[in-house]
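Participant: Fit chain to chain and form the complex, with the hints in mind.
Here's the letter readout for the chains.
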Amino acid sequence: MRESTIMKIHYGTALAAVALVAVHILMRLTQGFAESLEYENVLANYKFIPYAGMLELILILLSVHGFNGLRVILLELKQGRIYEKAVSYGSLTAMIVLIAYGSRTIIMTNMGMV
Amino acid sequence: MTQDEHKEGIKGMANPRRYGIERVAYWLMRLTGLGLLAYFIGHIYETSNILRGQVGWDEFLELTQTTEGHAILAIVIAMCVFHTVNGIRVMLGHGGIGVGKPARPDYPYDPASQNYRHKIGIYSAIVLAGIAMLYGLAVMFGE
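Quick note, the sequences are listed as chains A and B, same order.
Residue numbers for the first sequence follow my numbering, beginning at 1 and rising by one.
Residue numbers for the second sequence follow my numbering, beginning at 1 and rising by one.
This is chain B alone, in the form it adopts within the complex (with noise of 0.2 Å):
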């Protein structure tokens, strides 16, 4: 790393252009905990509407079974379906799979971990996201 990336300071290491797929997936996997957690606590406080009978759980029903809210299940979806793989992937390199065998660092010092074994793995992970959430589109919008 060069002196000039240093003092870009945390806007440097966010950038996800500069550090290829692996830091892009390690932002898509914190955006998409971030918002599975908040979909998570919204969907305990929506459950809970049924404790008020049959009018509580219909009139809430008529907010949640709309067009954007369907687009907001959809987003959802995908983003369970990345984490899931993509977590998967992370729990399989951790425990050393994949992540290939330790050598001597020799130039051009390419990281053993980051290899096409984990790259497949992450785009994967965005391939099955989008399928999925095509697959909830035609699932909600088809009725």
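With the rest of the complex left out, here is chain A (with noise of 0.2 Å):
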């Protein structure tokens, strides 16, 4: 993919981003803090589908920035065919397993398997 592509996924992302987790830190301040971290009140934020569907797009979002920011750092430090080869894939891998690893704890969740 062209690096201006995988820019304007980086800024796209990015600002997608920043509105929802605008949304998902408001939600711990509609209550108060500690109660809204209370096993309950997350239990039901997980099994009320937007929510969870907002919870998903945000961990789609911030891995895909995070790991491409990464990715953009390491490459300033260091340029190679290899080592841009190996960088490249092993932020996507990391990327991946992320989204996996956050994807089953929502669905798990929403889905009551708890």
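Don't read these hints as lab results, they were simulated from the structure.
A couple of the hints might just be wrong.
Short, incomplete list of chain B residues facing chain A, as computed with Cβ under 7 Å [as the list claims (entries may be wrong)]:
id	residue
1	Phe40
2	His43
3	Ser48
4	Ile50
5	Leu51
6	Trp57
7	Thr84
8	Met91
9	Leu92
10	Leu137
11	Ala138
12	Val139
Just so you know, even glycine gets a beta-carbon here, dropped at the ideal spot from N, CA and C.
Facilitator: Okay, structure coming up:
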């Protein structure tokens, strides 16, 4: 993929994540901070499908943005054909693993498999 | 750049004091990005503890809902706000907004893009990060 396209994705994921993370944080402030973290409240959040969907979206957006950012930082430090491929594929793999792990929590909790 | 500066290699490039607030913003952007990625991975692991049921969740909350945990979260809030505000500044700059008009380079060759608008953007990001951190501390410790 062209670097210009990757940077557009980087900026797009950043803007979308800012909006959704703001909603995620505001949800913590609708009740007291400690109260919002109680087991029943968190479980209720996960079982509310629109909210669970938003969490999944945040997970994907931040994983893509975060690991692409890490890739950019690593490519600034050192260059080379093999190194660049290793960094790019390594970041992509880490991104997929994190999304899979986070999705597992969201799906299992949403479906009541706790 | 003089010959001596070249000899410093990556240390010279990394020196945040030599090239003004823009270089400080460059480093803060990368450091906050790495910090936020580390926190994000930790947060995904932290929330996965809900699959261990109420006991597992409460056990993990006991670890994170401490004075140290709140202090770390306040730093995360500051990093998040700085990264967001400075990121928007960088995006605007890449889009050609606030970087000035193209002009013939004349002595003393001041880069048109490193102007007061972007400096204000960087200082605003730092100030807003500080305010958000204080607000976060007030919410977390005010209960």
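Participant: A separate judgement is required for each hint: does it hold in the structure or not?
Facilitator: These are the hints, each one checked on the structure:
1. Phe40: 6 Å, holds
2. His43: 9 Å, violated
3. Ser48: Because about 4 Å separates B:Ser48 from the closest Cβ in chain A, which is inside the 7 Å limit, the hint holds.
4. Ile50: Hint holds; B:Ile50 Cβ to chain A Cβ min 6 Å, cut 7 Å.
5. Leu51: 6 Å, holds
6. Trp57: 5 Å, holds
7. Thr84: This hint holds: B:Thr84 lies near chain A, its Cβ roughly 6 Å from the closest one there, short of 7 Å.
8. Met91: Status holds, d = 5 Å.
9. Leu92: Because about 10 Å separates B:Leu92 from the closest Cβ in chain A, which is outside the 7 Å limit, the hint is violated.
10. Leu137: 11 Å, violated
11. Ala138: 10 Å, violated
12. Val139: Holds: closest Cβ of chain A sits about 5 Å from B:Val139, inside 7 Å.
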